[in-house]
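*Asks:* Now for the letters of each chain:
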Amino acid sequence: MNKHTFLKDWMEGKVSPEELQELKTDPDYKETIVELEHIMESSSHLVPPKKKSKAQAWSEIADQLEETDSSTGESRIIQLTPFIRVAVAAAVVLLVAMYFLLPSDTTYSTSAGEQLSYKLPDGTEVMLNAETSVSFDESNWEERRMVALEGEAYFDVVKGAQFVVETPKGRVEVIGTSFNTYNRGEMLKVSCFEGKVRVINTRAKEIVLTKGQSSQIEGDNVGEPVVFNEEKTATWRSGEFYYENAPFSEVVAELERQYNVEITLEAMTNRSYTGYFNNKDLDEALKLVLLPMSYEYEQKGPRIFAK
Amino acid sequence: MNKEAFKVIFDQHYDQIRNFLYYKLGDIDMAEDIAQEVFIKTWNKRDKIVMESIKSLLFTIANNFAINHFQSAKKKYEFKLQYEDKPIAETPEYQMEEQEFAEKLNETLNQLPENQKVVFLMNRIDDLTYRQISDRLGIGVKAVEKRMHGALKFLRERITQKI
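So the sequence lines, in the order shown, correspond to chains A and B.
To convert, count from 1 in the first sequence and add 398; that's the numbering used here.
To convert, count from 1 in the second sequence and add 5; that's the numbering used here.
What the hints contain is simulated information worked out from the structure, not anything from laboratory work.
The model shown is predicted, which means the values in this text are computed figures rather than measured ones.
Do not rely on the hints blindly, as some may be mistaken.
[What the hints assert, rightly or not] Subject to a maximum C-alpha distance of 25 Å in a straight line, what follows is the list of computed DSS-like cross-link-like pairs (lysine-lysine):
hint, chain 1, residue 1, chain 2, residue 2
1, A, K452, B, K60
2, B, K151, A, K412
3, B, K109, A, K428
4, A, K557, B, K8
5, B, K8, A, K450
6, A, K450, B, K85
7, A, K412, B, K109
Using the sequences and the accompanying hints, generate a full structural model.
*Replies:* Here it is in structure tokens:
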């Protein structure tokens with residue numbers, strides 16, 4: 399092998415790992431190999447931009463795909479004899495009874511330090527932040543698109559019938575949209591990224607949000623719609639967390655969820671937090687969150703003490 | 006073919022077609038719109054389709070659409086660097102270096118001849134083998150290798166020059 403054919407040989411897989419290892423010690427090749435590997439490795443992590451999800455792209459064209467073949471059969475009506483009627487009625491009762499007895503809820507959940515994305519039966523995408531669960535009745539999905547949520551999730555809803563998210567603090571109703579729902583402790587916060595959603599609290603107070611608006615429900619109070627910064631909201635989906643005048647306890651709780659750690663504060667400050675952290679580097683995140691709030695901290699495994 | 010069967014095809018190939026169009030056009034809105042058109046057109050031709058060749062058919066249609074849109078396109082690639090499988094801690098310095106490298110890569114990709122760029126990105130981003138690429142683009146495996154080789158050579162020269 400010589401230097402001129404090396405690139406070609408390497409690409410065609412003609413250079414064995416052992417040979418490559420050996421060549422890396424050769425100053426003539428070392429630099430080239432490192433650079434090539436860097437290009438190959440980095441470029442495999444490139445992600446093209448994305449404006450709409452696959453599900454959305456499909457739902458937009460689905461209506462335009464006309465089924466021209468007209469071989470739909472006529473429906474037939476069968477007259478039942480009295481005996482069969484009874485039998486069928488009983489079978490139905492039995493089936494229905496069994497159906498209610500069987501646990502029919504499908505649940506997706508994430509633990510601390512985990513984020514997962516799921517597809518619901520209609521293609522709606524739901525992305526769960528850490529310590530979040532959604533459950534829904536799959537068998538009844540076509541009739542009723544409803545999920546129960548605890549935690550925080552981002553929904554990219556496929557157009558169709560009403561879509562409902564139930565939380566202990568209230569419900570969110572949607573028709574074809576994407577939005578983020580945050581329900582932790584006493585707070586429910588909904589941010590609408592597209593389309594329209596209606597938020598209703600447990601006292602039946604409601605509010606309609608349009609694109610770019612968010613609202614908070616705390617206690618019986620449903621907050622007026624406020625405009626949110628789309629670049630800094632629900633960015634947990636890319637592992638980033640931005641806060642503006644947020645209660646510090648909320649920020650610490652998120653930090654615990656993202657890294658699956660336990661943070662003990664000697665005293666909870668009543669100052670609010672404005673800043674940023676990400677879920678890639680715990681040490682950096684702790685610095686970004688705790689130091690500006692004048693906490694000093696110490697870490698012992700998954701436990702962090704701050705005062 | 007009914008809609009459900011077609012949806013399976015759509016789900017299997019949409020991302021690759023969309024990416025392919027993006028590599029060619031450098032405009033994500035246009036790439037997404039055309040990707041949808043590709044599938045509508047394929048649906049309308051469904052009676053004449055041989056299933057074995059569906060992949061290359063989709064790519065041929067996409068390529069033809071892309072050629073029609075070619076002149077008006079202003080290319081500016083905006084790839085992001087994303088390590089989904091590596092949530093482990095990395096130093097901010099390392100992240101910054103990687104980000105810088107990714108920017109250079111983006112910039113250099115803009116200058117790469119189109120044929121080479123498409124092949125290179127299909128291999129790196131969509132994880133397609135040379136054989137799969139050759140099927141989709143209707144060119145020989147040798148030609149794919151050649152373009153890949155050209156792309157790597159070009160990228161390495163430009164990127165290391167700047168560093």
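*Asks:* For every hint, state whether the structure bears it out.
*Replies:* Hints, verified against the model:
no., hint, result
1, K452/A / K60/B, "holds, 18 Å"
2, K151/B / K412/A, "holds, 15 Å"
3, K109/B / K428/A, "holds, 21 Å"
4, K557/A / K8/B, "holds, 17 Å"
5, K8/B / K450/A, "holds, 21 Å"
6, K450/A / K85/B, "holds, 16 Å"
7, K412/A / K109/B, "violated, 29 Å"
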